[in-house]
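Order-wise, the sequence lines are chains A and B.
In this text, residue positions in the first sequence follow my numbering: the first is 1, and each later residue adds one.
In this text, residue positions in the second sequence follow my numbering: the first is 1, and each later residue adds one.
The hints are simulated quantities; they were obtained by calculation from the structure and are not laboratory data.
With beta-carbon atoms standing in for the labels, derived distance ranges:
(1) Pro216(B) with Lys611(A): 48 to 56 Å
(2) Leu75(B) with Ser723(A): 47 to 55 Å
(3) Arg202(B) with Pro746(A): 37 to 45 Å
Beta carbons are placed, not taken as given, at the ideal position from N, Cα and C, and that holds for glycine.
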Amino acid sequence: MRLVNRDVFSLALLLLLLVGCKQGNDTLFNNPDESKTGIEFTNTITETDDLNILDYLYFYNGGGVAIGDINNDGLPDLFLSGNQVKNRLYLNTGDLKFKDITEKAGVSGNSSWNTGAIMGDINGDGLLDIYVCAVVGINGFNGHNELYINNGDQTFTESAAKYKLDFDTYSSNATLLDYDLDGDLDMYLLNHAVHTQESFGNIDLRNKRNYQTGDKLLRNDNGTFTDVSEEAGIFGGVNGYGLGLAVSDFNMDGYPDIYVGNDFHEDDYYYINNGDGTFSERLKDYFGHTSRFSMGNDVADINQDGWPDLISLDMLPEDEKVLKSSEGDDNIQIQKLRIEKYGYHYQFTRNMLYVNQQDSKYLETALLSGISATDWSWSSLFGDYDQDGIQDLFISNGIPKRPNDLDYINFASSDQIQKKIDNTKLVDQQALDMMPSGNVRNYVFKGQEDLMFEDRSLTWIKNDTLISGATAMGDLDNDGDPDLVVNNINEPISLYINQTNEKASYLKIKLEYKSPNTIGIGSKVYAYNNGNLQFKELYTIRGFQASSEPMVHFGFKDATQIDSVKVVWPDKTVQVLKNVKTNQTVSISYGNTKAFNYESLRHDITLIFNKVDDNIGINFTHEEDRYIDFNRQKLIPFKFSDRGPAVAIGDLNTDGKDDIFFGGSKYIPSKVFLQEDENFSEYKINEIIKDSIKEDVSAIIADFNGDEKDDLYIGSGGADFFSTMQPLTDSYYVNSGADFVKYDLPDFYENASVTVESDYDNDGDLDIFVASNITTNDYGNIPKSYILQNESGKFNLLEIDGLANAGMITDAVWNDYNSDGTLDLIVVGEWMSPKFFKNINGELIEDKSQGLEMNGLWQQIEPFDIDQDGDTDYLLGNWGTNTKFKASDKHPMRMYYSDFDNNGSTETIVCTYKDGAYYPLLGLNELASQIVSIKKRFRTYKSFAGTPIDGLFDKEVIDKATILEVEELRSGYLRNDNGEITFVPFNNVLQVSPITSFLTANLDSDPGDEVLVGGNYFGVTPFHGRFDSFPGALIKNEESIILGNKLGLDFSDKAIRHLNIIKLNSKRYLMATINNDQVQIYEIKN
Amino acid sequence: MKSIKTLFILTVASLSISCSDNSEPIIITPEDYHASVDNLGAVMVHDIFSPPVASRIFAYPNIAAYEIIAQNDSLYNSLQGQIPHLGSIPKADDSKKVNYELAALIAHLDLSRQLIFSEDRITSYRDSLYTIWEDKNAKEFNTSKEYGLKVANFISVWMNDDNYNQTRTMPKFSVEHGNEERWQPTPPSYMDGIEPHWSKIRSFVIDSAAQFKPVPPPEFSMDKNSAFYKELKEVYDISERITEEGDDSEEVLIAQFWDCNPYVSVTRGHLMFATKKITPGAHWIGITKIACRKDNADFAKTVYAYTKTSIGIADAFISCWDEKYRSNLVRPETLINAYFDDEWKPILQTPPFPEYTSGHSVVSGAAATVLTDIFSDNFDFIDDTETPYGLPIRPFSSFKAAAQEAAISRMYGGIHYRAAVEVGIGQGFKVGNLVNERLKMLN
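Take the sequences, apply the hints, and build the full model.
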């Protein structure tokens, strides 16, 4: 025993050494000591009985940082604001030495509680001034926001009143922008509410202006600032908890737009500049969902398409122990209430990364990109820290006390605090001390290709236990690479000095624009090299309560020279520099400009589809019933009651023209649209309406009885009816010419997921494969799928070995994969691999040589020769990777299925792998809502948090559970290379949502077929969020994928279920059928 | 805390003398039983059990204790047969050597342990008592313990057949969005409706959950002349008036005195905590203790009083919850926010379940009826049950007077309309009367 222990110890030591070495080599930033730099600033927060997190909810938000060259000596200087301590101004004297000139400068400040600090040339004299925000008017805080006008001799004159910027409100930050393009800098002042809103209240609250809490847009009128918020359309209510503030020309029309991140349940604001002095708040038009407790944010072009992308921070912990002992997302009913009754937007607790899709909704990819959970995050700063040409990301973190700790909320507080309650004070210091600390390390991510970020926190920076907040960027040592300054709580500030140095090339650009906007705020800089574009806008106030050095920094790996630099100035003119050497600082002065046309940025639109206003008469809106699967089976990973509607196309009235059948959800009648001469019109078939109790998920229109008239088969499901309840039966209506007559089917009860027809037994009539994806109330149990074998219009029920229990099938296709002239059957589904069934003279036999052992949450399969080599490949729609699910070959996602509490009903527990063990995705409250006994085992959240699944139950309970697995979440295709099958995942834009439909057709002007792809899915709890941002895509071949917004499709925020081509008067239309929404009809332009 | 400290001293004291003599009789007093009930109540507060669940947790340990006492005390009749589904508890192997009071207390402790989450809080309390008893008289203790646990096991098997476990996994309550009349989750936590299937719990005395189905609430209408609207307006008006009068107004004091909310969530920005109090059932269990003490009730009568009262309370919850999820009526807060004042907050935090009828009213009505039967009408007392939660004492002239005040307190608190209170207390009286009528516990 002893020996083993020693071995383990030495192994650990060795590993430690290895890691240590690795860390040493890869360190990107070092942190010089304050004794070397001369910066001795600590934002010390002193809690008192009268002033603590209870009295002021933003007690821990910290101070500000501003970097800028205040004496124009080429070295960026540093200003720091503290909450209760005095501000400090440090002059950069070179070699990372700083001199405290606060007293001489006269900028120490007079407000009780300072917050954000920014620099900018507010009076247009070429000298950087300083503006310091303050919270005034509560808790005895006095003073006002202070404006220090630079006198040019290292002294400043506080002039806020003169400029009418002396606000005594609850300010957290301010930014400078020329919103009206009149040449001077205006201000957006970010304020925050200080009360705790206990009820949601209507969203109209934001329209009731409140001086203290409301944000303000301040127009610069020749040196004094005028509050134009009201006329400009800026909200200023009592429920704005503004913490994040970003300015960018998001829609690339030359006018700066504004994104405001609000904490708590108030929506973030996305102000689009109308160009006439007003803004329109259009969050819901551009964002499917947002971060919930929005904190800092930042803008950068991360995918190098020349359009600004945005990150908004939240507070989702990464660490399993913290995650499971902290308050999580809303439950689904509260979410519904907040959205449907009170009018708020979808918000989820995690960082969000919004990738700009030009004039349509953002693609939100934070989970996929690997940056969704960075704990209690304040500031995010994009920058090319390693100068490889791709934007990296720094995120500052930490909170002294975690006030959302579940043990604190439920236990500590009541047992301990209860006794201390008196009328004047709710909680005393001892009670505050019981909250766990949230001194989480800062994060840094290396930007990668294809929207990915790699966590380099453990190598690029030193692990820390700091409470870090406001962060600013600047080249403090003037060596070309960007350094960072972080303001911490109760610890000295951190300098992160970048050690990239000569290892990679840089270009620093300083802009000299027309006075009064001397530093060119709002300019856009494009750098072109070897066909690569990098794009930046100069807005210095970024991250959180901070402003960075006014410069534009690019990294270029090892390039010594780049092709060109293009500057688009705020006045919509452009100026180009060619063949620019790297590793230098270039000053570009306004001059030799030409007019710039913003329309030229919209060059890559290839509209193929054009939405038809009147839907050519197909006025079908699918209405999903309000059943919430999670109210009954509380632990299932997603819904099954929302997989409809069914769509079938065929000639129902035997007039030679295609008609359309749409399935209704539970209690809602299905609908039929008949094709007439000029359009479609609804036609009621009474026999079908009578069956409206059923949820019709899949349907086929075909001639089943050989009388040359199309009949109708409907597969019903919906996951609500169970056992042998009548509405689970399918329906078969025979077309009598005059009417539809219901025919009997064999007795079988299933939640139909897909029905596909084929004469697989080659007897001249159409047989049907009826697949199922769930056993109601018993998720995890493999449901039965059937073959309905047609004998002269009557069906026999067949359960075929291997096929009947193939899995939770979601899609199936008859396709001759082995080219033997008979149609074989391929099925895909959830928690299973694609399965191939070879058709040998009407016998379907599983062919294990074909598929890959690759369990997924497969949604769709489509045969298509994507590699254009003449054989059939199979496109596979999967769940995607933009999800809290995690799966790989090595560490598959697992679902444990058993009657864990022995009460006669089964449960499922989905677990993912993290640091050596499997943990349930859900927390103690969720598990206990279905398995009460777990509360007896885990009486605190702390004891539960960090317990793997094996520790949650006794061994014999775990041992008797069935484990289902998923190894692959990515959508992609099975590539057939002369019979050799490999899986090739699609690139990341196709992984943002589940892919739920494919359509093969010739849609563009080139000959040959393409595949149109639809997706998105909303049947998950707020824990998972909402898969809403996939805009659809056209796949032409392996290399060419065009996103839907550039094709004219309106698929974002829509749960696409079916894509079909319909013909009216020989003209082809695209029909997109959507769950719980109106059908879309598009003309196809070619 | 204090009692644990005393226990500790007692333990030390008994340890020091135990060696010399191990055969002194173990004397169990009514205070020992009160202490066990109190401890159970405290654990329930910690573990956060909702009012209906708490009522079940009070009842079964008391019944176990009572059935043991009734074995040995001819003044009391077993509930076997009176509660239709309760069989005869096992007899003691050697009845002469069993200390029935001790066995009753041990059974109470053991069922309490089974019913709550934080077992350690019962077992550490139990073990310190066990040490004392074992030191005093190991033989008597062990014989009585064996019997007490045997009965506890018997009751446990019966208890676990009451559909409680099955209701745990039944569907959550589905909120009907878009129907104004129906209950909606309320601020600040917007919790799901709790215990929507409580009517499916096996009752003790009432024949079915719907036996005393109350008249429907006034028909929902926002017409100013409708009865419903007037009741809604009344809640708002009372609230406005007494808020103006201030925290010392009689109505505010009454509302707060009877808050009995096991989980009031408090939010300050990102900071959250819960202030927890006992449930309304526990408040009436507290009144039972006060009455027993005032009456100088002996051990048997004490157990009898707790048992009968807790049965009345448990059935009252089943009856009340049946109606709550039948009428599924919206709380005043939801409508007042929508129609009168979007910033209005009730004096008490609205509990997370439908409005009609008022749980306090039904439970207080039932408990007071049972207690009156045990201790007589016009039994005046001073209620200090909630002093550990920082609330004052209040004197009452009778149990029914206290029940009337508890009922109306919910209107003052801004969380119930008048009908829920007035109909509710009548519903409670009916449950209580049936308990009195059916349970012939005194010989």
